[in-house]
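**Q** Add chain B to chain A, keeping to what the hints say.
Which chain is which? The protein sequence lines are A and B, in order. My numbering puts the last residue of the first sequence at 308; the count rises by one with no breaks. My numbering puts the last residue of the second sequence at 585; the count rises by one with no breaks.
Just so you know, the hints here were simulated from the structure itself, not pulled from any lab data. A hint or two may mislead.
Where chain B lies over chain A, by a calculated footprint (3+ residues, C-beta under 8 Å) [claimed, not checked]: (1) 103 to 110; (2) 114 to 128; (3) 138 to 144; (4) 205 to 213.
Some chain B residues judged to face chain A by a derived CB distance under 10 Å, without partners named [what the hints assert, rightly or not]: (5) Ala352; (6) Thr371; (7) Gly401; (8) Lys412; (9) His459; (10) Leu473; (11) Phe575.
Ideal Cβ placement from N, Cα and C applies to all residues, glycine included.
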Amino acid sequence: MSIRRKRKIAWSYLFLAPQFVLLVAFTIYPILMSYVYSLYDWSGIGPLDDFVGLSNFRAVLEDSSFWNAFRNNMIYMFFLTVLSLPTTFVAALILNLKFLRGRTAYRTLLFLPVVTTAAIIGIVLKFIFGNDNALFNNVLISLGILKEPVGWLADPTKAMIVLIAVGVWKLFGMIMIYWLAGLQSLPSEVFDAAKMDGAGYLATVRYLTIPLLLPVATVILLLTALNGMHVFDMVTTLTGGGPYFATDMVDLYIYRYVFASGGFPQMGYASAAGIIFGLSIFALSVLLGGLVRVSGGKKARAEAGLGG
Amino acid sequence: MRLRKKARQPLLHLLLIPFCLVWSYPFVWMLFSSLKTNVEYVGAGLRLLPESFQWENYSRAWTVARFSDYFQNSVVITVSSVLIVLVVSALAGYSLGRGELPGKRWILLGMAALMFIPKGYTIIPVFQVIKHLGLLNTIPGVILAESSGAHVIFILLFMAFYRDLPKELEEAAEIDGAGFIRTFGQVMLPLSKPVLTTAGIMQFIFTWNSFFVPLVFTLNKPELRTLAVGMYSFAGENSVDYTGMAAGAAIALVPVVCVFVLFQRYFVDGIAGSVKG
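Here chain A stands alone, though its shape is the one from the complex (with noise of 0.2 Å):
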């Protein structure tokens, strides 16, 4: 070996070792403590001598708060995904015409929501909500929907009614532009030779672009659901998991035993509870990835979206 291609080897290790270093700090011990911490009894401070083996899994599996914040999780991604998928994609059709003027101001519109501070916007739209006096509220009598104010985020099912609503309008931008990017790589010359057969534009769409694109809407489908499991900021702000409990998350269920449990944290648990989440992520993931490569999305970039 030469002592240029030695030294172009010790260069290269070299100049992979910052970001090796952070990962071995910030990811692969994290993720290795995480395990070990749910095998413990632990607040945090002091030693890590009081092993408990699975007692803390039993505990969170038996406890109907975690399954309450788990099924609203579910809830919210879910409708999040049956929501937006759909609307994007129309959207995005239209936003793909070409003789359409105006197409780069309209996606800048739709993707302010994208953009901003989801912790921000959560307080932003708790006064559009909240309050009987509301913009919302207003607005809805004013062209006569409601006679009333409505407690929007005061009862249960409207709290949750609005918080998939807030969700879709929050991410609706991100997956249309999911959907042009695939709509952007079919290849044109199909789309001519159908034009040249006189096939209109509808029949296009089913025949052509949405069979093309099954590949791609798989990819799209996985990457919007896995965004519906994490809404910690949004949440927090907009409805703190209220009212009693009805739009608790899992991301909310486990940093109150870790950060807000009166001064006892309980870092075992909520780790044995962090772990059961990432699981169910996992399996939701290989189920939709197995979707994927069903459909024959070989090149799909799932990676992109997926952790717990």
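**A** Below, chain B without anything else, positioned relative to chain A:
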């Protein structure tokens, strides 16, 4: 048929304009609310425009509610985190795309596996690491927590970019006597401006909007709060100063919206890149 073709442009705008208005109305409403008096705000109903512009809402948020501190913290944390992430992922991407790495396949496989492994509640160990480094309750601690982890998308972007550059560039640099590091610093890095911009903008927006990490790392130190965390505590403490809060929200959101509007092509490319293979 020709009429239908002519009609579709205005028809689509007739559909899109109201839709986009509704979509961006919360922002417009927030901006105008930040310029009303609190009395006016409460009784405003549907009236959007303030009677006269109350700029003192902004000075109240800036000084009394300490948004000047929060703003400064957000800027310092965001800019530092962008710089760290760019340096680290550009180096790693160059090494993977252009370097001589025996075992590169395993490194890439390991990175993919890390993304896929089910994780627990990793913020607790991250907290412990920062504590052991003696950085708990400091700005560098928050910066480190924000920049940590593997930015796999950025590394892959850099890797693909450097890999696809023509080989002649490197050979020319070598003939000029440049070593590995000079070739990178003087030839390759300046060429990768598009990727630097995309990764930089994405990391800027992520960090500026980040809430959970700064919340957890500033629980005992209110003076280290970022805008998002400061706004949350402001809303908790002063729940009747609506217009002051609207002004605070505007202070927090306007910078990130400006950055996005100026560089949106890069940001959108980055987002789209996570779907395309």
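**Q** Taking the earlier hints as the rules, which of them does this structure contradict?
**A** 4, 6 and 10
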